[in-house]
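A.B. asks: Chain residues, written in single-letter form:
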Amino acid sequence: EAGVAQSPRYKIIEKRQSVAFWCNPISGHATLYWYQQILGQGPKLLIQFQNNGVVDDSQLPKDRFSAERLKGVDSTLKIQPAKLEDSAVYLCASSLGPGPYEQYFGPGTRLTVT
Amino acid sequence: AQSVTQLDSQVPVFEEAPVELRCNYSSSVSVYLFWYVQYPNQGLQLLLKYLSGSTLVESINGFEAEFNKSQTSFHLRKPSVHISDTAEYFCAVSEYNNNDMRFGAGTRLTVKP
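Heads up: the sequence lines are chains A and B, in that order.
The numbers in the first sequence follow my numbering, run straight up by one, and end at 114.
The numbers in the second sequence follow my numbering, run straight up by one, and end at 227.
Since the hints were derived computationally from the structure, they do not count as laboratory data.
Ideal Cβ placement from N, Cα and C applies to all residues, glycine included.
Do not take every clue at face value.
List of simulated lysine-lysine pairs, DSSO-like, C-alpha gap at most 27 angstroms [unchecked claim]:
1. A/K44 <-> A/K71
2. B/K163 <-> B/K183
3. A/K78 <-> A/K62
4. B/K226 <-> A/K44
5. A/K71 <-> A/K15
6. B/K163 <-> A/K83
Which chain B residues face chain A? A few, computed with CB under 10 angstroms, are given here [what the hints assert, rightly or not]:
7. A115
8. Y146
9. Y150
10. Q152
11. L160
12. S166
13. S168
14. T169
15. Y210
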């Protein structure tokens, strides 16, 4: 079974530039999550999709972050414009459903904003 | 909203010694509890979880965790650790009535020979 795929693995940009991350979940997984993990902290949920609908985006900084999940499969997370404090690892995870189901994580994208 | 506190940021132990990684949570409703592990240069993966029923849950590699509702804790234990257990361990909580998973800050377990 193929795991959760993410690209790129690393990205370095200057502040005020834009960046996009891509995630391909495990086939058949209805729920997709984007997390932000700042160095020394645990993952923080940014947005959760159930199929192609948003279930929870309460912690997403909507003035600069956006995400979509077209056709309920792949997802992209965009930051525009980036700030220094956005430097973090962005993790994508998927699961069969919300709540008690195991989340499967991708390798993450390490973003450095200079 | 729920929250998770992992009381130790780093735990160094010698091989074959016992270890306990502490986790406390805060929530006003019933919860699901998880331990995830991140081995060096790998992604996060589920170690074990408590959903309901028996309060003691076990993993395939010898870890166990006990849900204590009165103390709102879900500590992770192993009676004898191996070098290969060196990793970062994250406690997480999800409330029954919402989909929001909250993670603790993580505990870095380092097993020394």
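A.B. asks: Tell me the hint numbers this structure goes against, listed in increasing order.
C.D. replies: 4, 5, 6, 13 and 14
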